[in-house]
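Trainee: Take any residue in the sequence shown, note its place counting from 1, add 603, and you have its number in the working numbering.
Where hints are given, some of them may not hold.
What the hints assert, rightly or not - Have a look at the derived ranges for each label pair, beta carbon to beta carbon:
hint: 1; residue 1: R700; residue 2: A634; range: 28 to 34 Å
hint: 2; residue 1: P710; residue 2: R636; range: 18 to 24 Å
hint: 3; residue 1: D669; residue 2: G632; range: 17 to 23 Å
hint: 4; residue 1: S630; residue 2: R700; range: 15 to 21 Å
Source of the hints: derived by calculation from the structure; they are not laboratory data. Every residue gets a Cβ at the ideal spot worked out from N, C-alpha and C, and that includes glycine.
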Amino acid sequence: MSSPTPLVAVVDDDAEVRAALVRLVASTGHAGRAYASGEAFLQDVDSHRPQCVVLDLHMPGASGFDVLQALARRHIDVPVLTITGYDSAEARATALRLGAQAYLCKPVDEHTLLSAIAAALRPGPCEGGER
604 MSSPTPLVAV VDDDAEVRAA LVRLVASTGH AGRAYASGEA FLQDVDSHRP QCVVLDLHMP
664 GASGFDVLQA LARRHIDVPV LTITGYDSAE ARATALRLGA QAYLCKPVDE HTLLSAIAAA
724 LRPGPCEGGE R
């Protein structure tokens, strides 16, 4: 029996970046679902639960940090890969403290992002594999 196609949510306010990331995700055979804001993602996450999230940290409205906090409050355990065009040691530390699995800087190297997505989608020990 084949497993369902993994869903990777892409949350970024920049339409061009969002479209490029969804195309990149789709090129690997995964399903990509695009969100233009943190609010849109949080409204949809219960009905379309992703197996991985690629999340921009700096967006108007709900920032990526706000989304990470909301996921934790709602006990939604999903690997989150954060991306940012505004790198700082403080942002990196905050994102990782809030539960991000990765912190990547824009422009994101395709191979680095795809490797991070593959690692995030690997089954954990309770799912029949090892991380």
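Trainee: Taking the hints in turn, state whether each one holds.
Mentor: Evaluation of the provided hints:
| no. | hint | verdict |
| --- | --- | --- |
| 1 | R700 <-> A634: 28 to 34 Å | holds (30 Å) |
| 2 | P710 <-> R636: 18 to 24 Å | holds (22 Å) |
| 3 | D669 <-> G632: 17 to 23 Å | violated (31 Å) |
| 4 | S630 <-> R700: 15 to 21 Å | violated (32 Å) |
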